[in-house]
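Participant: The primary structure of each chain is shown beneath.
There are 2 protein chains.
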Amino acid sequence: MSSVIDLLKSHRSIRKFSDQAIEPELLEELFAAGQAAATSSFLQGTTIIRVTNPEKREKIAELAGNQPYVAKAAEFMIFCADLKRAGNYCEAYEMPFEGDFTEHFIIATVDVALMAQSLVTAAESVGLGICYIGGIRNNPGPVSDLLELPRGVYPVFGLCLGYPDQDPEIKPRLPMSVIVKKEVYNEEGDQETIEQYDERIRDYYRTRTGGGHGISWTEQVATLLSEKSRPHMKGFLEEKGFKFK
Amino acid sequence: MSSVIDLLKSHRSIRKFSDQAIEPELLEELFAAGQAAATSSFLQGTTIIRVTNPEKREKIAELAGNQPYVAKAAEFMIFCADLKRAGNYCEAYEMPFEGDFTEHFIIATVDVALMAQSLVTAAESVGLGICYIGGIRNNPGPVSDLLELPRGVYPVFGLCLGYPDQDPEIKPRLPMSVIVKKEVYNEEGDQETIEQYDERIRDYYRTRTGGGHGISWTEQVATLLSEKSRPHMKGFLEEKGFKFK
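So the protein lines, in turn, are chains A and B.
So the first sequence is numbered by my numbering: it starts at 1 and just counts up by one.
So the second sequence is numbered by my numbering: it starts at 1 and just counts up by one.
Don't take each hint at face value.
Pairs involving identical chains hold if they fit within one copy or between any two copies, as the list cannot separate such chains.
What the hints assert, rightly or not - Using 25 Å as the maximum straight-line C-alpha spacing, the simulated PhoX-like pairs for lysine-lysine come out as follows:
#	residue 1	residue 2
1	16	182
2	56	182
3	59	234
4	243	59
5	234	245
Hints were generated in silico from the structure; no laboratory data involved.
Using the sequences and the hints, build the whole thing.
Facilitator: Below, the structure written as structure tokens:
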């Protein structure tokens, strides 16, 4: 259909990078490609903090749950949802500030993800590999302190970028019939489809780990939702001014 | 640098579409491209509801704040954050369900946005135009009822897709120095840069509306944050099982 569609379909996360640096001109192009993504209500609610200091990178790698590629990738940056930049102008124009509603949180978080994903596609189009680092939300307070993030700004995820030094398989996704519905939400037939998919995922993990018992998709996601995942997030966000009103 | 980067940089929202339909095979490819995007903890927390029924499209166009292209675009779909699909397996495996933390909300919402943005890039690569419809959050309850969304699923945004019947200008983005920071969050120099940018945006609107007083970026975003934006969202989400614990 298009080479871009082939590119998008070939995505896999890269966790091992060569030493090759990313040219500053290319990096600028990646940022520009990301910035061109849609932004809700024209908010432009993303701030990217590019982290180059090696000690800081090591520290964040540790805070993100010991992910060494955070320190080793050619580039590492943290994508922040930013309501401060716009909020500054409420004060300047003597308007009341009401930007702490759940809706504002959604707008800013979605803005960040759209921009990041366009930047990622741009990167992959020139042969770079990427890995999103949600693990920075393990320790959002210390990470924010390292980046000197003010009130109104929170770190959504990190992103590693670099030239790949590995060639992992593409991880199979849920069959489309489970993901795309017509007219209404409807789970008919999904259970059987997901059972078959679970087998594929078990095989995928068995192949990758060279044997042993593969874990299924349903086991993984049921575990995710059976855990009080990062229970500090709400308190952290409230402190940063995201009040979920 | 790459034709993909040029493609990404050429994005603008399309709000007027030709009557040309999107071939089913192409539509499937777009979904597949979207699905290949990264997904946090392998959750795959997106469900897309494709709406084809004309009366339903009209109704949603109205609920989204009278956006006629919702009814008129070749395709319209609603991207939902879905914790139900995974949550079903907590029950199946007799695990406790704890998937109502703020963190789970973030994971699912980011998943949706990443998938949508890859789908959008795929669409734009074959000459389609798109428009995100955050306006469905004006009336998330009635929209959810129309789509029969169960607990654990919420509509994040809609997406119009079709062949463009207009050729709008690219809307200038904030200068990169305001968006991308090195090592720490730092607003040095931003105020002056934003002042100049405000002038560009005023010009952009003056040109588009054929004269008259253009509104600046800072005026727009200060207004957004001075309003209790969609104050129903929190209550709606809680009812749908997103508890922000």
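Participant: If a hint holds in the structure, say so; if it doesn't, say that too.
Facilitator: A quick look at each hint next to the structure:
1. 16 - 182: between (40 Å within a copy, 24 Å between copies)
2. 56 - 182: Between. Shortest inter-copy distance 12 Å satisfies the 25 Å Cα cut-off; intra-copy 48 Å does not.
3. 59 - 234: within (23 Å within a copy, 35 Å between copies)
4. 243 - 59: neither (29 Å within a copy, 32 Å between copies)
5. 234 - 245: For residue 234 and residue 245, the Cα distance is within 25 Å both inside one copy (12 Å) and across copies (6 Å).
Violation of the numbered hints given earlier is confined to hint 4; every other hint is satisfied by the structure.
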